[in-house]
Each structure stands twice: as C-alpha cells, then as structure tokens.
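Remember, this note's numbering sits 5 above the position in the sequence shown when you count from 1.
Source of the hints: derived by calculation from the structure; they are not laboratory data.
Only true hints are included.
Capping the alpha-carbon separation at 27 Å, the derived lysine-lysine pairs in DSSO-like fashion look like this:
#, residue 1, residue 2
1, K94, K135
2, K107, K89
3, K94, K107
4, K107, K59
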Amino acid sequence: QRLAKTLQSADLLIALSARWKTEYETHLGLTNVAVLNNSIDPDIFAPAVSNATKHMGTMLFLGRIGRRKGAYVLLDAPALLKEKKATVKGLMAGDGDIEAAKDIISRLQLENMAEVAGWIDQQKKLELLKRSTVVVLPSFDEGLPMALLEGMAAGKAIISTPVGAIPELIEPDV
6 QRLAKTLQSA DLLIALSARW KTEYETHLGL TNVAVLNNSI DPDIFAPAVS NATKHMGTML
66 FLGRIGRRKG AYVLLDAPAL LKEKKATVKG LMAGDGDIEA AKDIISRLQL ENMAEVAGWI
126 DQQKKLELLK RSTVVVLPSF DEGLPMALLE GMAAGKAIIS TPVGAIPELI EPDV
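Take these sequences, add in the hints, and give me the full structure.
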C-alpha cells in the first residue's frame with residue numbers, strides 16, 4: 006500500500022517491458038508506467054559474428070553466475086552430454102559465484118567441456134561471442150537481459166527460459 010502510494014506520486018515509472026508494466030498496473034494499481042526497453046548498438050557486436058560450423062556445440066552464458074540466472078542448471082548439460090560422448094563446450098562469463106561454478110566443474114570432471122572466465126571486459130566478451138554458436142540463459146527471473154540482445158546482435162542462436170520480458174523478445178520455436 007505504502008509502496009504503491011510512493012510510486013504513484015512519481016511523474017513517471019519506467020518498466021523494462023510490457024509484462025512488467027502490466028505487473029505494476031495490476032498489482033500496485035499504478036497508472037504512471039511507461040515502457041523503455043533495454044537496447045544495444047548492434048554495430049559493436051558485428052565483429053563477434055562468426056561461422057557457426059567452426060564453433061559447433063559451443064554455448065555461452067553471460068550474466069551473474071548463480072541460481073537466479075540458472076548458471077548451475079547450465080552446468081548440468083555438459084555432465085549429461087559427457088555420458089553420451091557428445092562434443093560440447095560451455096563458456097561462462099560474468100560476476101557472482103564464480104568459485105562455486107568452478108567447483109561444480111571440477112567435481113563433475115568437466116574441465117574439458119566447461120570454462121568459467123569470470124568478469125570480462127567488452128573485448129573479451131566479443132571474443133567469447135565469436136567462439137560461440139549459442140547464447141544460453143536458463144534464468145528463473147529476468148527483466149530484459151542484455152546478454153540476449155548482445156547474442157542476437159552477434160548472430161547467435163538463443164536458448165532461454167520464457168521469463169520476464171524474454172517472451173517479448175524471442176518467439177518460441179516449437
């Protein structure tokens with residue numbers, strides 16, 4: 006009640022997606038909400054466009070490493086594929102619980118299939134995007150993730166959970 010009153014007193018409340026705008030209007034009764042989607046400059050990611058056949062089976066996760074973004078779920082994939090002798094490489098970059106991800110990789114003996122770069126700069130991000138064919142975000146909770154926008158600008162296939170504003174960005178391929 007108090008939160009809604011405070012937010013209603015603002016001239017404008019900005020939401021990252023139509024879904025979040027609806028949430029604010031429905032659950033808090035707000036009428037002062039506008040949508041301003043995240044955006045990127047696609048030209049910055051043009052150098053990361055690459056031939057998919059050169060990097061087949063290389064998946065990239067960009068974001069906060071932890072449960073909310075589904076990072077640990079992502080590490081289950083190489084473990085399952087290892088049993089089937091599949092050739093896959095998982096790259097993970099971002100802040101968060103880097104050591105926990107490295108521990109999981111070590112415990113599951115996935116050192117040849119998974120790599121955790123930790124926090125990276127823009128140049129390293131472009132390098133990892135160029136080495137990947139897929140950007141993966143198995144997030145449990147999201148707004149409008151920059152990682153997916155960047156992946157699309159770099160010409161990568163996207164695999165993601167349909168949470169937050171992601172369904173507004175990507176239509177399911179069924």
